[in-house]
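Produce the entire structure from the sequences given, and follow the hints as far as they go.
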Amino acid sequence: MSMVKVPLVTRMSMQFNKRTNSNPICMVKSSEVKLIGKWSSSYTIRVKIALNMKSLEYENIEETLKHKSDLLLHSNPVYARIPVLIHRDRPISESLVIVEYIDETWPTPPSILPSHPYDRALARFWATYIDDKWFPSMKCIFAFEAEEERKPYFEVLEEVLERMEDAFGKCSKGEPFFGGDTIGFIDIAFGSFLGWLSAVEQKFERKLLIEAKFPALVKWAERFAVDPAVKGLIPEADKLVELSKSIKWRAAIEKK
Amino acid sequence: MTDIKLHGFWYSPFTLRVKWTLKLKGIPYENIEEDRYNKSAQLLQYNPVYKRTPVLVHDGKPLCESMIIVEYIDEIWPQNPLLPTHSYHKALARFWVKYADDTFSAVASLVRSSNGEEQEKAIEKIWEHLKVVEDQCFGDGKNVFGGDTINIVDIAFGPLITLLVVLEDALGVKILDDEKFPHLHSWYNNFKDVPIIKENLPDQDKMVAFIKVFREKLIASS
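Protein chains in written order, with the UniProt record's numbering: chain E, 1 to 256; chain U, 1 to 222.
Check before you lean on any hint, since a few could be wrong.
[To be verified] Computed list of chain E residues with no C-beta within reach of chain U, every gap over 10 Å:
#	residue
1	Ser-41
2	Ser-69
3	His-87
4	Lys-139
5	Ala-143
6	Glu-158
7	Leu-161
8	Lys-170
9	Arg-206
10	Glu-211
11	Phe-214
12	Val-226
[Stated by the list, open to error] Heads up, simulated SDA-like pairs for lysine to any residue below, C-alpha to C-alpha not over 25 Å straight-line:
#	chain 1	residue 1	chain 2	residue 2
13	U	Lys-98	E	Val-156
14	U	Lys-90	E	Thr-105
15	U	Lys-51	E	Leu-71
16	U	Lys-131	E	Lys-203
17	E	Lys-68	U	Val-132
18	U	Lys-23	E	Ser-137
19	E	Lys-245	E	Leu-208
20	E	Lys-133	U	Leu-218
21	E	Lys-133	U	Ser-105
22	E	Lys-139	U	Glu-128
23	U	Lys-98	E	Ser-137
24	U	Lys-98	E	Leu-73
25	U	Lys-125	E	Ala-251
26	U	Lys-98	E	Arg-250
27	U	Lys-131	U	Gly-172
28	E	Lys-133	U	Ser-109
29	U	Lys-180	U	Ala-108
30	U	Lys-192	U	Asp-3
31	U	Lys-90	E	Lys-173
32	E	Lys-203	E	Leu-233
33	U	Lys-61	E	Ser-115
34	U	Lys-61	E	Leu-208
35	U	Lys-61	E	Thr-128
36	U	Lys-121	E	Val-78
37	U	Lys-61	E	Asp-181
38	E	Lys-173	U	Leu-44
39	U	Lys-131	E	Ala-252
40	E	Lys-139	E	Ser-244
In short, the hints are calculated from the structure, not lab data. Think of the CB as a built atom: it goes at the ideal place given N, C-alpha and C, for glycine as much as any other residue.
Right, here's the structure in full:
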């Protein structure tokens with residue numbers, strides 16, 4: 001595995017936060033920020049990564065699969081789904097909206113969105129593309145029993161990987177991440193699904209993120225998983241495979 | 001001199017979102033009318049992922065997806081701003097922009113509906129979405145839609161409601177019922193009369209005629 005060069009400024013601020021756990025610019029008490037989510041949810045993981053990038057403390061409220069809490073229903077009456085960020089008692093829903101909110105509310109480096117409007121538009125495009133294609137296809141793969149029924153959705157995942165391999169080249173411009181030298185919006189949007197990608201590979205005994213086909217993405221995935229903001233957040237494949245047995249996938253497809 | 005081209009369809013609500021934004025900010029642009037049954041090589045090159053309009057080309061660089069384009073325009077040309085400045089209100093606005101896009105899926109089902117049962121089901125789904133907007137976006141202290149000035153949520157929903165009004169005519173159904181959705185109905189009545197919107201609304205009769213033909217072709221091919 002290649003060593004990732006961590007810029008000096010990032011290394012210093014990481015040390016500072018480890019020691020004191022209080023960046024004077026973003027002194028946020030954990031009671032100010034709450035996150036309602038699930039350990040297994042890629043959407044929740046996105047928000048956790050963003051919070052980690054900004055060294056923000058928060059209260060983690062774990063939702064159970066079976067029963068939606070009153071807090072969740074009250075905080076997200078429109079969709080009744082996680083994640084929901086509650087900042088100073090005001091709820092914000094939809095993972096990508098929350099990530100942008102975190103980046104804007106706590107603008108200290110590292111930035112999550114690029115600085116140039118065109119690059120921001122591109123980042124939003126790819127993040128929305130992932131939301132449009134990835135999880136909906138994965139849900140169908142888990143939901144359908146026949147190989148033939150799953151086939152078109154595997155093809156979608158394959159196409160997404162091809163496009164993201166290509167996009168990586170254009171967006172990273174030779175740097176380790178889509179966002180450049182630090183992880184950014186596209187990294188978070190896409191990387192948050194790496195756990196479920198491994199779960200699909202394991203359950204269906206089929207490698208998708210193949211090095212020969214997607215050399216840049218494979219290396220990127222390795223770097224992403226060990227990034228300090230991400231470490232420990234991507235669930236293990238066998239835990240997700242086990243969880244997948246109790247999820248009502250058909251019902252999940254029909255919801256919108 | 002900045003070069004802006006907009007590849008779109010005159011009848012598309014998504015193209016309309018971008019057109020209204022450009023007009024509101026007084027940004028000159030070249031309109032390139034695409035043919036959905038014969039898309040230009042340029043369009044396919046600019047949007048290889050979705051192969052669809054609208055695409056905004058700014059100084060040779062393409063941007064895709066209507067609301068992403070709208071935010072981009074708002075960032076580069078800040079006059080008549082569409083997004084609020086406070087990050088919380090921005091987040092709320094973005095949430096409802098996404099909800100408008102989710103609502104479009106329900107509208108698409110209505111456009112595609114080939115029989116009474118499908119039509120009814122699609123209208124029920126649209127009503128569910130409109131009810132959420134009616135209940136959550138209006139009332140005391142809620143300023144999701146623009147008040148005196150047009151904002152991004154108006155831009156996101158405006159063309160959707162415009163299309164619903166066309167579908168009401170084309171299908172002979174009532175969707176935006178003022179008894180069911182009094183606030184939404186009132187908001188739209190004001191919105192469509194704002195001069196820049198009024199001047200840039202596609203002709204109702206032309207739209208109804210188009211939708212009828214469009215539906216026939218869709219249903220025939222499915």
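Status of each hint after checking the structure:
1. Every C-beta of chain U lies more than 10 Å from that of E:Ser-41, the closest at about 17 Å, which supports listing it as non-interface.
2. The claim that E:Ser-69 is not at the interface with chain U holds, since no C-beta of that chain comes within 10 Å of its own (minimum 20 Å).
3. Consistency note on E:His-87: stated as away from chain U, yet its beta-carbon is not over 10 Å from all of that chain's, at 8 Å minimum.
4. Residue placement check: E:Lys-139 keeps its beta carbon more than 10 Å from all beta carbons of chain U (closest about 16 Å).
5. Residue-level check passed: E:Ala-143 sits 19 Å from the nearest beta carbon of chain U, beyond 10 Å.
6. Distance to chain U confirms E:Glu-158 as a non-interface residue, since its nearest Cβ pair spans about 15 Å, more than 10 Å.
7. The beta carbon of E:Leu-161 sits about 13 Å from the closest Cβ of chain U, which is more than 10 Å, so the claim that it is off the interface holds.
8. The claim that E:Lys-170 is not at the interface with chain U holds, since no C-beta of that chain comes within 10 Å of its own (minimum 12 Å).
9. Listed as outside the interface, E:Arg-206 is consistent with that label: its C-beta sits roughly 24 Å from the nearest C-beta of chain U, beyond the 10 Å cut-off.
10. The non-interface label for E:Glu-211 is consistent with chain U: the shortest C-beta to C-beta separation is roughly 24 Å, beyond 10 Å.
11. Every beta carbon of chain U lies more than 10 Å from that of E:Phe-214, the smallest distance being close to 17 Å; the non-interface claim holds.
12. Distance check on E:Val-226: its Cβ is at least 30 Å (rounded) from any Cβ of chain U, clearing the 10 Å threshold; non-interface status holds.
13. About 23 Å separates the Cα atoms of U:Lys-98 and E:Val-156, which keeps this hinted pair within 25 Å; it holds.
14. Restraint check for U:Lys-90 and E:Thr-105: satisfied, since their Cα atoms lie roughly 11 Å apart, inside the 25 Å limit.
15. For the given pair, U:Lys-51 sits about 41 Å from E:Leu-71 by alpha-carbon distance, which is inconsistent with the 25 Å threshold.
16. With a C-alpha separation of about 40 Å, the suggested pairing of U:Lys-131 with E:Lys-203 is violated against the 25 Å cut-off.
17. Annotation: proposed proximity of E:Lys-68 to U:Val-132 holds, straight-line Cα distance about 19 Å (limit 25 Å).
18. For the proposed pair U:Lys-23 and E:Ser-137, the alpha carbon gap of about 38 Å is over 25 Å, so the pair is violated.
19. This hinted pair checks out: E:Lys-245 and E:Leu-208 have alpha carbons roughly 21 Å apart, not beyond 25 Å.
20. Among the hinted pairs, E:Lys-133 with U:Leu-218 is consistent with the structure: their alpha-carbon atoms are about 23 Å apart, no more than 25 Å.
21. At roughly 15 Å between alpha-carbon atoms, E:Lys-133 and U:Ser-105 fall within 25 Å of each other, so this suggested pair holds.
22. Restraint check for E:Lys-139 and U:Glu-128: the C-alpha separation of about 24 Å stays at or below 25 Å, so the hint holds.
23. Taken as a hint, the U:Lys-98 and E:Ser-137 pair is honoured in the structure, with Cα atoms around 20 Å apart against an allowance of 25 Å.
24. For the proposed pair U:Lys-98 and E:Leu-73, the alpha carbon gap of about 19 Å is at most 25 Å, so the pair holds.
25. A C-alpha spacing of about 16 Å is found between U:Lys-125 and E:Ala-251, which places the hinted pair at or below 25 Å, so the restraint holds.
26. A C-alpha spacing of about 23 Å is found between U:Lys-98 and E:Arg-250, which places the hinted pair at or below 25 Å, so the restraint holds.
27. Restraint check for U:Lys-131 and U:Gly-172: satisfied, since their Cα atoms lie roughly 21 Å apart, inside the 25 Å limit.
28. For the proposed pair E:Lys-133 and U:Ser-109, the alpha carbon gap of about 19 Å is at most 25 Å, so the pair holds.
29. The suggested pairing of U:Lys-180 with U:Ala-108 holds, with an alpha-carbon distance near 21 Å, which does not exceed 25 Å.
30. In summary, the hint linking U:Lys-192 to U:Asp-3 is not supported, as the alpha carbons are separated by about 29 Å, beyond the 25 Å threshold.
31. With a C-alpha separation of about 30 Å, the suggested pair U:Lys-90 and E:Lys-173 falls outside the 25 Å cut-off, and the hint is violated.
32. The suggested pairing of E:Lys-203 with E:Leu-233 holds, with an alpha-carbon distance near 20 Å, which does not exceed 25 Å.
33. Under the criterion of a C-alpha separation no larger than 25 Å, the hint pairing U:Lys-61 with E:Ser-115 is consistent with the structure, at around 17 Å.
34. Under the criterion of a C-alpha separation no larger than 25 Å, the hint pairing U:Lys-61 with E:Leu-208 is inconsistent with the structure, at around 32 Å.
35. With a C-alpha separation of about 19 Å, the suggested pairing of U:Lys-61 with E:Thr-128 holds against the 25 Å cut-off.
36. For the suggested pair U:Lys-121 and E:Val-78, the alpha carbons sit about 20 Å apart, so the restraint of at most 25 Å is met.
37. Our distance criterion of 25 Å between C-alpha atoms is met by U:Lys-61 and E:Asp-181, whose separation comes to about 24 Å.
38. Proposed proximity of E:Lys-173 and U:Leu-44 is supported: the alpha carbons are some 24 Å apart, at most 25 Å.
39. For the hint pairing U:Lys-131 with E:Ala-252, the CA-to-CA distance comes to about 22 Å; that is within 25 Å, so the pair holds.
40. Distance restraint check for E:Lys-139 and E:Ser-244: the Cα-Cα separation of roughly 10 Å lies within the 25 Å cut-off, and the hinted pair is therefore satisfied.
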